[in-house]
Amino acid sequence: MNLTEEEKQIFCEVADTKKDGVFEIPEGAYNFRVNGKAVSRNSTDNINIKTKKSNSGLEIYVKENTKNEQVHIPVAISTTGIKETVYNDFYIGENAEITIIAGCGIYNCGPTDSVHDGIHRFFVGKNAKITYIEKHYGFGQGRGGKILNPTTELHLDKGSEAELIMEQIKGVDSTIRKTTATLEKNAKLIVKERLMTHGRQTAESIYCVELNGEDSTTTIASRSVAQDLSKQTFRSKIIGNNKCRGHSECDAIIMDEAKVSAIPSLDANCVDAELIHEAAIGKIAGEQIIKLMTLGLTRQEAESRVINGFLR
Amino acid sequence: MLELENISYEVKKGGSKTKVLDSISLKIETGSFVVITGPNGSGKSTLAQILMGIKAPTEGEIILDEKNITKSSITERAKNGMTFSFQQPVKFKGIYVYDLLNISSGELISEDEAKKYLKKVGLKPEEYLLREVNGKLSGGELKRIEIASVLARKGKILIFDEPEAGIDLWSFENLVRIFKNLKSEKKTTIIISHQERILKIADEIIILENGKIKSKNTPEKILPEILNKKEAKT
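Protein chains in written order, with my numbering: chain A, 126 to 437; chain B, 785 to 1018.
Just so you know, the hints here were simulated from the structure itself, not pulled from any lab data. In this text the structure is predicted, and so the values were computed from the model without any measurement. By construction, the Cβ of each residue, glycine as well, lies at the ideal position given by its N, Cα and C atoms. Be careful, since some hints might not be right.
[As the list claims (entries may be wrong)] Below, a list of computed lysine to any residue pairs in the SDA-like style, where the Cα atoms sit at most 20 Å apart: (1) A/Lys192 <-> A/Lys313; (2) B/Lys839 <-> A/Ile415; (3) B/Lys920 <-> A/His402; (4) A/Lys317 <-> B/Lys899; (5) B/Lys920 <-> A/Thr423; (6) B/Lys875 <-> A/Arg348; (7) A/Lys408 <-> B/Val874; (8) A/Lys408 <-> B/Lys875; (9) B/Lys877 <-> A/Asn433; (10) B/Lys877 <-> A/Lys313; (11) B/Lys1000 <-> B/Leu1011; (12) B/Lys839 <-> A/Thr423; (13) B/Lys877 <-> A/Glu278; (14) B/Lys877 <-> A/Glu374; (15) B/Lys877 <-> A/Ile432; (16) B/Lys875 <-> A/Ile409; (17) B/Lys839 <-> A/Ile409; (18) B/Lys877 <-> A/Ala404; (19) A/Lys408 <-> B/Asn918; (20) B/Lys920 <-> A/Arg437; (21) B/Lys875 <-> A/Lys313; (22) B/Lys877 <-> A/Ile406; (23) B/Lys863 <-> A/Ile415; (24) B/Lys863 <-> A/Ser429; (25) B/Lys920 <-> A/Glu374; (26) B/Lys920 <-> A/His372; (27) B/Lys920 <-> A/Ala346; (28) B/Lys875 <-> A/Ala410; (29) B/Lys877 <-> A/Arg319; (30) B/Lys1005 <-> A/Ile415.
[Claimed, not checked] Not the full set, but computed from the structure, chain A residues with beta-carbon under 10 Å of chain B: (31) Thr256; (32) Thr419; (33) Glu426.
[What the hints assert, rightly or not] Taking CB as the label site, the calculated pair distances span: (34) A/Asp353 <-> B/Val960: 57 to 63 Å; (35) A/Ile409 <-> B/Lys863: 49 to 55 Å; (36) B/Asn790 <-> A/Ile401: 52 to 58 Å; (37) A/Gly411 <-> B/Asn790: 24 to 30 Å.
The shape of chain A in the complex, shown without the other chains (with noise of 0.2 Å):
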């Protein structure tokens, strides 16, 4: 696989793919995406990675009770001007428990804007597990926007569990993330999403999940930072619609003259139904600064650290 230094730079940043401080590609199945082509891709016995006929996109289809495998498909622009729509599909047998990789990067020094919208659709099998880890990243110091839509959209069969960990690093200039979830009977979906803004930046969290199953959870939690004249918006929905419980979490720390909108909501169709929101939207606490001053760091260190963990 030949890859620019950019191109590796972004698998590092968001495909965990560095070892040793130095690119390298993973073990078990991937499919890895430069500039809208795939230019390697391995399946294994038990994760078959095929191109979809329909669209652009791929059908990732693993077997039943497959254990402790992972699957990276990150994608890469490096290419100024790329706008590209991707539909990748998974099938999760019944009682597999798997990793899976995704995350773009947008490498953008031209003029004009780069643009990956990433269409996710998951069919977890039941008792199946999932961790679907998506990291995003832009960097270059051309004019052309580093533009990055994810939609997620997840189907959880009796028993299955799904933890999203999901994470805009740095350097998107706007982003729209959509997030949809139905979950059957004792499914479980847990949601930790990490944001970034900074600049005149614009990110966009939509999240809405329907628990349909008795006994169904969510935990959806998210942490922002929004620094300079970025703006975000983080808007959930938990809609119970059985005995179930679900939890929606937003705490942002809001920096400079950035804007941040907080948009909770719940719909409990279920006397049953346990529906909490939180959300918190507040500058960096001045103690926690001085406290980390007084051990030595300076008031800069101190901000970074703060951020850091927060975002951890």
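Given the coordinates of chain A, work out where chain B should sit on it, guided by the hints.
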């Protein structure tokens, strides 16, 4: 030696100015163990914060080893070996006890070394090392972690603002032991406290009242005065 020369601190209250500290002058010898006590509102915590640079005095100067540090930042004072234990420990999201001890030490310390500091303050290290320094910990636990972070700093001047606040009796025994050790190690220690057992360890007790030094002396000479007052009140 740490010297305070005519330190005053004023705050504005409803258009008028109130003196929280009024011309405090003090000399704290290197290696001495000083306890500052006095009624609530006498200016003890303000004085401690001024020493660390958290608050700036309205008037006066602070001299550390013949160097004027009045305008030095908190960071500069910390780098000069001053360290501070907060009365209300600060909570963090995403910073773990081990992180805090590493930051305090100014370098990456081993887990074993970090555990030693937790043990010193009476915490089971393995239960706390990888916990977040957040609101899920009780006030007493946070306080002990706060004190551990000060010990890990290995400063040359240690300032504690009411270290006994929020600490249970069993942990208090540990605290007294820590202070006795600091005294035997000849660490310059300045403690804001109301606790008789901490007062007894002092080389010198300073009583503040209405922002002024009311008296200062050895525990033998000054404690009877304080204790008689307490008895008279009860």
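>> Flag every earlier hint the structure violates by its number, smallest first.
In response: 4, 5, 10, 13, 21, 30, 31, 34, 35
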